[in-house]
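Undergrad: Below are the chains, spelled out letter by letter.
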Amino acid sequence: MDKAGNDSRRAQPLPIRLSHWLNIPLLLIMAGSGLQIFTAYPALGPRGAQYAWYPLQEVAPPQWARFGGWLAGARHWHFAIAWFLVLNGIIYLGYFFTSGEWRRRLFLPKRDGAGAVRMFAWYVRVAKNPPPPDFYNGLQRLAYTSVIVFAIVEVLSGLAIYKPVQLWWIAALFGGYDGARVVHLTMLLAIAGFVATHLVLVALHPRTIVGMITGGARG
Amino acid sequence: MARIIARRKLLIGLGAATLLAGCEKSRAASSFLRAMGEWNQNVESAIFSPSRLAPDLPPSATTPESEFPSYFISDDLPFAPDGWALKVGGLVARPMVLSLEDLKKMPRVDMRLRHHCVEGWSAVAAWHGVRVSEIAKMAAVDRRARYVEFRSFDSGYWSSWDLESAMHPQTIVAYGMNGHPLEPGQGAPLRLYTAVKLGYKMVKYLTEVNFLPTPSGGYWENQGYEWFAGV
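Note that the protein sequences, when read in sequence, are chains A and B. My numbering puts the first sequence at residues 1 to 219. My numbering puts the second sequence at residues 1 to 231.
If you're looking for bench data, these hints aren't it; they were derived computationally from the structure. Keep in mind the model is a prediction, meaning the values are calculated, not measured. Here a beta-carbon is modelled for each residue, glycine too, at the ideal position from N, C-alpha and C. Hints are not guaranteed to be accurate.
Under 7 Å between C-beta atoms, here's a sample of chain A residues computed to sit facing chain B [said to hold, decoys possible]:
1) Tyr41
2) Leu44
3) Pro164
4) Trp169
Please build the complete structure, drawing on both the sequences and the hints.
TA: Here you go:
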């Protein structure tokens, strides 16, 4: 519903489509350059006190996943493209909240909690029927809302690593510089996990791709 | 129809941007990165506060010295030449040559800080020595000086800094680490140490401090690493 009460919006309005497709090159460059940077010290925890719980200490990310050629090159890409990714995110969220799109997209526990559980139960073949169809089901809303949170935490932990002294209050949120590195890598894995799941589900429901390109039907 | 064409243009644009990303040496990509690098340098110096202090850490946070990396660019561990002394020059009213004894007579600063390497690791050590701002005061630095260059006897390794970061109270020339004199692996007899820059800016095996009107690059900076490199 828009403000006049007409339900004539497209399923995927133009700002959301633009922002969505821009994310692909931006996220690929950020992830690849981030992994190239990580390759210079592919460990978690400070020197002499590496975290015992991390099983992949000193294991470099695979070559195919890296971008930027070398440490300095990857840093230049990472700190250049970060601005555009953040800008894309700010414009998206600005539209998301001012247009009212948040009402049909944001996960609201009261409204969507039970539906999310039921959808999950259907996916794992515990429930016989999916919840009644809606614009998005509760599980979708949970996934799309989570990835927004992951992205925000990814940006904050990145700022903490970039300027642990000048932006010490951000670093403090993550328990300092080495804590921020843990969170930054964890959020990369979380976003990658979201993208992998997203691609599988889009492959199962290919009509959604058309919607994300053309905007889909009105109303 | 117009919408479809616009959309196609957009997709071609995105494709081109992706191709560009794959071809690192393309001129467009490198001038884009250079422009963004300059922008980032302005942002970095804007968020640098000359008075914000990094926390002084407790002794329990200290990294075992055997685990504290010791980088140098020479083929072999550099040792100080006979008659070593620190030259202070450039835009100063009183150029000086300071021996280690001269430096030890100056006000001593002790600090235990987290070190941030460009590679991503951190480590903690205590350092003691003399503030660069103290040396600047003694040498009576000219107002035209905006940058400080630090040179070494490690195959000519050097780095230049913005004056504000060099004058930060946690920027020192250190002659000691963890309570003992500096060892050759850590830059003996004298190295630069700071809370506010990445490790490669902290020149070890110091020989010269020059106050300059323009920056003079640096060993890693001239190979493509960021010049400001604040933390």
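Undergrad: Against this structure, judge whether each hint is valid.
TA: Hint check results:
Among the interface hints, the one on A:Tyr41 holds; its C-beta lies about 4 Å from the nearest C-beta in chain B, closer than the 7 Å criterion. Against a cut-off of 7 Å between C-beta atoms, the interface hint on A:Leu44 is violated, since the closest Cβ of chain B lies about 10 Å away. The closest approach between the C-beta of A:Pro164 and any C-beta of chain B is roughly 6 Å, which is under the 7 Å cut-off, so the hint is satisfied. Restraint check, A:Trp169 versus chain B: the minimum CB separation of about 11 Å is more than 7 Å; hint violated.
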